[in-house]
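Fit chain B to the given chain L structure using the hints.
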Amino acid sequence: MSVELDVFVGNTTIMDKEVYQLWLNGYTVNDAVTLRIEGGVMEECEVLLSDTMDQYRTFQMCERLLHHPAKLANQLLFQIPPDRQAMLIERYYAFDDLFVREVLGKKLSKGTKKDLDDVSSKTGVMLKSCRRQFDNFKRVFKVVEELKGPLVENIRQHFLLPDQLARDYAAIVFFANNRFETGKKKLLYLTFQDFAFCAGQLINNWTLGAVDNMMEDMDVDLDKEFLQDLKDLKILITDKDLLDQHKSLVCTALRGKTNVLNEMEANFKNLSRGLVNIAAKLINAKDVRDFFIDLVEKFIEPCRSDKWTSVDVNLYLTHYTNSAHILDTFKHHSVWTRYMGVIKSCILKMYHE
Amino acid sequence: MPGKLKAKIVAGRHLPVMDRASDLTDAFVEVKFGNVTFKTDVYPKSLNPQWNSEWFKFEVDDEDLQDEPLQITVLDHDTYSANDAIGKVYIDIDPLLCSEAATVISGWLPIYDTIHGIRGEINVLVKVDLFNDLNRFRQSSCGVKFFCTTSIPRCYRAVMIHGFVEELVVNEDPEYQWIDRIRTPRASNEARQRLIFLMSGELQRKIGLKVLEMGGNAVVGYLQCFDLEGESGLVVRAIGTACTLEKISTLPATATLPSNSSPSKDIKEPVFGEEGPGVPLSSGPPTPLRAQTFSSFSPSKSYSRQSSSSDTELSLTPKTGMGSGGSAGKEAGPLKALLRQQTQSALEQREYPFFTLTSFPPGFLLHLGGVVSARSVKLLDRIHNPDEPETRDAWWEEIRQEIKSHTKALGCHAVVGYSESTSICEEVCILSASGTAAILSSRFMQDGPLETDHRLSRQPLVFSTGSERVDGDMGSTASLGFEEMVPPGCEFCHIPYDELNIPFPAQLTYCCCCRRYKVPDVLFTTIDLPTEANITGKGCLIQARLCRTKKKAQGEGNAMAISNLLPFLEYELHTQLMNKLKLRGMNALFGLRIQISVGETMLLGLASATGVYLTALPSPGGIQVSGKTPSDITYEQHISNMQKKINDTIAKNKEVYEINPPEVVEEIIGSPIPEPRQRSRLFRSHSESSDEVSEIDLSHGKKDAFVLEIDDTDAVEDIHALLTDSPTPAGFYSCNTEIMPGIQNWTSAIQMFTSVRVFRLNNVNLTNQGLNKVFSDLCENLLKSLYFKLRSLVPCCLCHLNFTVAIPEDELIQVAVTAVAMSFDKELTLENGKQSGDKSLKKENDEQLQFNLELNAEMSSSNLSSPKGLTEVGSHPSAKDRCSSWIEQLRLKAHTIRRGSVKTTSSLEKASPLPEGRSRSLRSNRSYSGSSVAVVRMTPLSFIPGAKIIKYLGIINMFFIRETTSLKEEGGVSGFLHTFIAEVFAMVRAHVAALGGNAVVSYSMKECVFMENPNKNQAQCLINVSGDAVIFVRESEVEAASVHPQSAATQTSNGEGT
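Chains as they are written, first to last, in the working numbering: chain L, 27 to 379; chain B, 238 to 1295.
Just chain L, same shape as in the assembly (with noise of 0.2 Å):
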């Protein structure tokens, strides 16, 4: 004897969110049905095989639908409340952290899926459900890649989803369009969260969105003006009356304020060298994709031997960058201003003690 057929339908549709997740997660029903007998939410093995199965299918069906979640909203095949309609949204778009750090940045294509058995063994997230969450960023981004107007909102409102994933998927779009590094040995003490917020500085700041958001081309490419006129801030350090008026400046102002002064004089014209040749080349390509290792090279790593907290950071790139304008043949004071901002919080950020 054996089950041939067997499907329950609700006219309000039946979703368990336990169940939904087993299924994101790429558990297969099997698999979904053991965990939840460990999870004590019914022993009978029968019953519980029957329910998933029928939950699967359900959320089989609804998978279309969610590759576009406005759809949800208004199609008639199932009746589903809207607080659930959000719930599966959420859901199916969030991702693991893990996952993502791995992809960030790397180009969305075929190759990088091939690649994701590797990815999979590699975070312990199921092969499945990195297809999912593959496959999210790419639909994610190839909708918005066409789109005008700001980034996070043209996310939220084609995907439906809450503020903080939207910035997410900003941040991944963002990534995967300008496609940083962000692989390098160096570069893996930092989070999906760390890079998330340097993206959102960037998209905010740096991008042609960032001036004019009523503009054709959007919030995903860096304002090339803008880089174009980094290039004028290398005065700061081949001039050497600059940097050496700089430089007294800043010490000036931080003395007393930190223990690690004289590390900090010290290291001031090889630092403000970094930064400021980072500004200068970023007109590449090439060296945008190294944006963030430069920033550790360059930056963080000679902080960090010299065991600065993250206080004296802060203090030494106020100072830094407030300094800049006071010095009289410096004339290229919004620029500065544009670019140091976001440097600042992204070091902050990046710059775990």
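Just to be clear, a hint being listed does not mean it is correct.
[What the hints assert, rightly or not] Listed next, the in silico SDA-like pairs over lysine to any residue satisfying Cα-Cα at most 25 Å (straight line):
#1 Lys168/L with Lys282/B
#2 Lys97/L with Lys282/B
#3 Lys97/L with Glu1220/B
#4 Lys882/B with Asp1014/B
#5 Lys1205/B with Val73/L
#6 Lys97/L with Arg356/B
#7 Lys43/L with Lys1021/B
#8 Lys1021/B with Tyr82/L
#9 Lys370/L with Asp354/L
[To be verified] With the Cβ distance kept under 7 Å, some of the chain L side facing chain B (calculated, not the full set):
#10 Glu30
#11 Asp32
#12 Gly36
#13 Asp77
#14 Arg83
These are calculated hints, taken from the structure and not from any lab test.
Don't be surprised by glycine CBs; every beta carbon is placed ideally from N, CA and C.
Frame of chain L; chain B shown alone:
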């Protein structure tokens, strides 16, 4: 040319990609009605076309309007090859033909294709302009309202219940026509869908004509079925109950509702308006008031208009009755007999005194005899002339006659809760009909509306007109006689047959409620529990399941074998039911539905019912196990173990279902009837024989059903079956009737669902016992799954839990169930209880109120009418006073009602605490604004808890076929059926929303025929669903806001329609 049908195609959305090259579609629409077709322009390269067409106008006969559906086909334009069909929408125009139903169909409807399922949606507008046609010989019956609901619909009042209407039409099944060999599956499916649409339209029109002939304006309890007879054709048949309904205007009621706190005059009106005398059931808790509103004293609108006709009518009937009065009911006295006589004569004029209703206006149902059923096995042959479906008609005629004669044997004159069904396997067909024999009041069956309140209010009037003195006298006595029949909650249990002439061996005792009339020891019925019934504890679902193997045979021999098996099957089902009933300590079954399904090598029987403990009936005895050879000691022990288990189960069940019959009360009264047997039976371990058996032509004879002899292997199985029935998990109740006896405070959370399972019996050589076990497990597991699925709704009750079994092919058993889970509030009762002192006090008060009314009504029997009441009489002295005059009695009554109404309204408020009500309405608001799709509720019940149905928009009757040739790709059989059922729900919801409705009530899935061929990767499924589209408003919303409920209603409907 009495009608103009207008249709406008607005837009489409979510269309499938039809052109691979461009990933787009060039869609256009064909609109067809009858033989006329219109086309829209092609809207190029879009998946969301905006046609915004002109109004397409069809000028047609109203006969065609009733028969034909509007057919909308969406196609993809192709310059070089033939246009590809995307899908179709059939729109039933019928709801637009009735002035009281919907006025426009407007909304997004799914575009359906029988191979691909739903493929996008189309926005259409459909209207009908009807011209009045007074042609007497017309063939149409526009304007007759149809309801699937098996009670008087909520916002109507029954002026008259005319009786049984039936019709059947036959045709060749397109699937079996020669042309089917050369056409595509899609074409064949569409031909079938269209044909069935046409046939059911025609059927409905013909039934409507019969109703008009009878002078009615509506069909209630409309039940339409398809018989797919294969080679021999397609039969569409329907039965229903013709009624004259009158709309209760909700306007005055709701308008005065907010002023509840003002003096009694204001209160009286809503009492009438809100509940209406004809409304038999109310969605909320049956507070005492609701049970009694039919006798409310407030003047009704119809009174002045109709009183004259009922007067003349009254003056006539007693005269005819007088001659033969006094013979029938011994205890009832001549008055009752007279009334019975007159009803009988009214009924006898009808060919079939059958009623498809399962619940009735209070006072309509007088006595219940028991279940009557008839079955016959027929061999199908090709229907040669579709216009003369005589054979099928004759078959049903035969069965109905049999039912009629069974009814007579039970001393009854009518059948209520009547239904018909078939089971077909190859060329053998089992026709079944069943119902409950009953004696009805003449109140709703004569030419004038005889409402109780009319009689009461007319009283002074009659006395004052001297010229009509004789008539007046008669009238008054008749009224008196009638008053006596106001049910004290036990009357329907009293036996309708002659005690000395019992048609079957039954154990009669005196009614435990009134102690004046005889009642049987168990009562089986096919109807819902009457609202006025006195019950103890809660009810529960009881199922008997049986499987019998059968030899493969052909033709006549096969039919013979089946008809030989049938009686045994029924007998065993009956025994099982009886045992399970006893095991739960209950004494009555409601909503009994026995389904027998025939397959090539087996017969399947499934009986479902809701067991309750009727206070009026004696407490059931237990079950005694006995061995034939009581010599062996271990054996004895085994038996006594078994016995202990059974006794424990009974005790546990009594606790679970809160069955503690008021035995104490009996002692207080000092039982007026000296009856030692009554005492002893409480301790006796087994009770006597059952009734009902003979109605299904089975007599238990001398054999006592409740001594289970252990020597008998069958009996061992039976006992095991009894004890292995897994108990419902905590927090769950289940029933197959409309409402769960004993539960009242429903919350608004409802969840309708359909579940289908198919089992394959791999082991071919199963014995009967083995098969039984498999089948029983199948049902039990299905139930278990349901409970698990719906655990989030706990505490909740699965209502209308009806199983449908089928044997789709050899070795396959299919079980389908559609039901609704409704959660209820345990806390609420407690809170309420606390607010009015304490729980028990509150309950007592209610009962007391009820009792008062009963007492007043039943003037002559005021002392002994209810044992429960008697203990409480002291607390309410006025009830003790005997009223000497009618006027005084009326005053007292009016007074009580007024008090009752105050009480109810206040308790109603408590029942839905404001914060909760607010949040609920807020939530619903949000859901409307939050998603663009209107929420449509579906329920197999006739009501929606916590809500009021303000309009019936028409009947929904849809038939779909789905076929696939890529079964694996669609997720196997389960994936395929899951999608299809979801699609059917979606289409029902969309059509209801397009009519402006927000719910379907009395929804049912009549047919679910599933066929598969996994080897060919193919499957096909046919589903037929029906229900009533309605607009409802939340009770909290009605109370809270609406100054103009009407406008609020239109607002909601607008909001949802778009």
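Here's how the hints hold up against the structure:
1. Only pairs whose Cα atoms come within 25 Å are accepted, and Lys168/L paired with Lys282/B is accepted, the gap being roughly 22 Å.
2. A threshold of 25 Å between alpha carbons decides the hint, and for Lys97/L with Lys282/B the separation of about 20 Å falls inside it, so the pair holds.
3. For the given pair, Lys97/L sits about 16 Å from Glu1220/B by alpha-carbon distance, which is consistent with the 25 Å threshold.
4. Restraint check: the Cα-Cα separation between Lys882/B and Asp1014/B comes to about 21 Å, which is no more than 25 Å; the hinted pair holds.
5. Distance hint between Lys1205/B and Val73/L is fulfilled; the C-alpha atoms sit about 24 Å from each other, no more than 25 Å.
6. This hinted pair checks out: Lys97/L and Arg356/B have alpha carbons roughly 14 Å apart, not beyond 25 Å.
7. For the hint pairing Lys43/L with Lys1021/B, the CA-to-CA distance comes to about 20 Å; that is within 25 Å, so the pair holds.
8. Of the pairs offered as hints, the one joining Lys1021/B and Tyr82/L holds, with about 19 Å between alpha carbons and a cut-off of 25 Å not exceeded.
9. Simply put, Lys370/L and Asp354/L have alpha-carbon atoms about 23 Å apart, close enough for the 25 Å limit, and the pair holds.
10. A least Cβ separation of about 4 Å between Glu30/L and chain B falls short of the 7 Å threshold, and the interface hint therefore holds.
11. Because the beta carbon of Asp32/L sits about 5 Å from the nearest beta carbon in chain B, less than 7 Å, this interface hint is met.
12. Interface hint status for Gly36/L: upheld, as the beta-carbon distance to the closest one in chain B is roughly 4 Å, under 7 Å.
13. Hint status for Asp77/L relative to chain B: holds, with the closest Cβ pair at about 6 Å, below 7 Å.
14. Because the beta carbon of Arg83/L sits about 5 Å from the nearest beta carbon in chain B, less than 7 Å, this interface hint is met.
Of the numbered hints given earlier, the model fails none.
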